[in-house]
Amino acid sequence: MQAETLCGGFADPAIQSAHAFRSVMEAMARPGTIHDISGAEPPAPLSKAAGAVLLTLCDSETPIYLAGEADCDAVRAWLAFHTGAPLTGPSHCMFALGRWEALMPLHAYPIGTPDYPDRSATLVVDGAGLVASGTTLTGPGIKDTASLSLPDVGALQANTALFPLGLDFIFTSGSQLAALPRTIEVC
Amino acid sequence: MTDQAYNFAYLDEQTKRMIRRAILKGLAIPGYQVPFASREMPMPYGWGTGGVQVSAAILTPEDTFKVIDQGADDTTNAVSIRTFFERTAGVETTTTTADASVIQTRHRIPEDPLSAGQILVYQVPIPEPLRFLEPRESETRKMHSLEEYGLMHVKLYEDISRHGHIATAYAYPVKVEGRYVMDPSPIPKFDNPKLDGMEAIQLFGAGREQRIYALPPYTHVVSLDFEDHPFEASKADHPCGMCGAEDSYLDEVIMDDAGGRMFVCSDTDYCEARQAAGHRGKDAA
Chain P
1446 MQAETLCGGF ADPAIQSAHA FRSVMEAMAR PGTIHDISGA EPPAPLSKAA GAVLLTLCDS
1506 ETPIYLAGEA DCDAVRAWLA FHTGAPLTGP SHCMFALGRW EALMPLHAYP IGTPDYPDRS
1566 ATLVVDGAGL VASGTTLTGP GIKDTASLSL PDVGALQANT ALFPLGLDFI FTSGSQLAAL
1626 PRTIEVC
Chain G
-5 MTDQAYNFAY LDEQTKRMIR RAILKGLAIP GYQVPFASRE MPMPYGWGTG GVQVSAAILT
55 PEDTFKVIDQ GADDTTNAVS IRTFFERTAG VETTTTTADA SVIQTRHRIP EDPLSAGQIL
115 VYQVPIPEPL RFLEPRESET RKMHSLEEYG LMHVKLYEDI SRHGHIATAY AYPVKVEGRY
175 VMDPSPIPKF DNPKLDGMEA IQLFGAGREQ RIYALPPYTH VVSLDFEDHP FEASKADHPC
235 GMCGAEDSYL DEVIMDDAGG RMFVCSDTDY CEARQAAGHR GKDAA
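Line order of the protein sequences matches chains P and G. Residue numbering for the first sequence follows this note's numbering, beginning at 1446 and increasing consecutively. Residue numbering for the second sequence follows this note's numbering, beginning at -5 and increasing consecutively.
Simulated from the structure, these hints should not be mistaken for lab results. Beta carbons are placed, not taken as given, at the ideal position from N, Cα and C, and that holds for glycine. One should not assume that every hint holds.
[Claimed, not checked] The calculated label-pair distances, taken between Cβ atoms and stated as ranges, are:
hint, chain 1, residue 1, chain 2, residue 2, range
1, G, Pro129, P, Asp1589, 36 to 46 Å
2, P, Asp1457, G, Asp250, 48 to 58 Å
3, P, Ala1456, G, Glu266, 38 to 48 Å
4, P, Arg1564, G, Val216, 24 to 34 Å
5, G, Tyr151, P, Asp1457, 50 to 60 Å
6, G, Met37, P, Asp1589, 35 to 45 Å
7, G, Thr70, P, Ala1522, 45 to 55 Å
8, P, Ala1522, G, Arg81, 36 to 46 Å
9, G, Glu142, P, Thr1581, 52 to 62 Å
With the sequences and hints as input, model every part of the structure.
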């Protein structure tokens, strides 16, 4: 178990996190597009993509909420060693990690304030496979329309209605990710 | 040798993570200015420290980097920032717009349309479009949150009543996706139409003012105007003296002390490419 905790981080942090961030940024800037991301070997049940996202964006300044089965000793120890991020409940987190069902309900997370809409949580939704079909997306970052397999359209529509407040989502599966910022209309 | 003593792209990893988080929130709320903990950079504030920090946070070793200063690749600011990242990040640099994957710019958008694989990083001196109308940050923040932009329209209206037209020629305010009024940095208003629906990602960094904001690709960006005084992207009414281009933004260059002057493309790469293709203006040697 100790070895599992100490392994699986970026071997070359500056370069690998730069590549990983470009994948995350492209995904956030072009919602619906699916990108490869690699470099991390986190313990189960985290996907490699979720591990790389957390290594790239999280540190001691970013409280994380672990939901459902992601909240296990192996993940806690791995995050503590590699990011130093404090763990917290959903109401005070900057990042939340887990399967979609475990992360519900969405109203538990900070959505920002009218003065500071950026002070909202980013949800890393791990597990469900990503396919560029299903729900239709429109909004900034998308030329006409895009398609992405999304879990619960109703909850996401309610989130979009909060704009400029609201949550931002990063969907991870295997070594792939896609993102859904609050600006995007889903139907 | 000292170059290897720095982390990749100069900044430490924790700083880059903080900037990266701000960039993602900026992309998620287009036009909103995200506060970030701007660092001291090895150059003075006002020389592009915001743009440099954004570039440092997004560069990968495989990138090809271009820097322009008022459109020119060969000014002091452009050359020194290009060299800075050659040394600290080991990236390839170029002056050709089409070959660059990341372009840091001071006060211009290249004439050649940018494509989906490219990222445009703006250096921003004053990110708050309402700052000269309302000096208090607490008030401008409230105005943004309430979408209270009447003051900006009053300012443009006063332009019209005083000059007969909207006299704002650069840093012309825009509205992003019908929500946030944004300062596009001091680009000439000639460049404003290029902001709208651009295929490339646009990132804005203000180092001294500690703000980052962003426009995702294909974002709807409208220059503020009135029905009876529509926005007009203006430029000097001349062709370029060197390459003869009629459609590019021009700098006026004083040639002598007897009133002699010439107009020349501000985008040096665009002008040189046209000259290489055989185009000649009236002042070309």
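Now the hints, each set against the structure:
{"no.": "1", "hint": "Pro129/G / Asp1589/P: 36 to 46 Å", "result": "holds (42 Å)"}
{"no.": "2", "hint": "Asp1457/P / Asp250/G: 48 to 58 Å", "result": "holds (57 Å)"}
{"no.": "3", "hint": "Ala1456/P / Glu266/G: 38 to 48 Å", "result": "holds (42 Å)"}
{"no.": "4", "hint": "Arg1564/P / Val216/G: 24 to 34 Å", "result": "holds (27 Å)"}
{"no.": "5", "hint": "Tyr151/G / Asp1457/P: 50 to 60 Å", "result": "holds (56 Å)"}
{"no.": "6", "hint": "Met37/G / Asp1589/P: 35 to 45 Å", "result": "holds (42 Å)"}
{"no.": "7", "hint": "Thr70/G / Ala1522/P: 45 to 55 Å", "result": "holds (51 Å)"}
{"no.": "8", "hint": "Ala1522/P / Arg81/G: 36 to 46 Å", "result": "holds (39 Å)"}
{"no.": "9", "hint": "Glu142/G / Thr1581/P: 52 to 62 Å", "result": "violated (34 Å)"}
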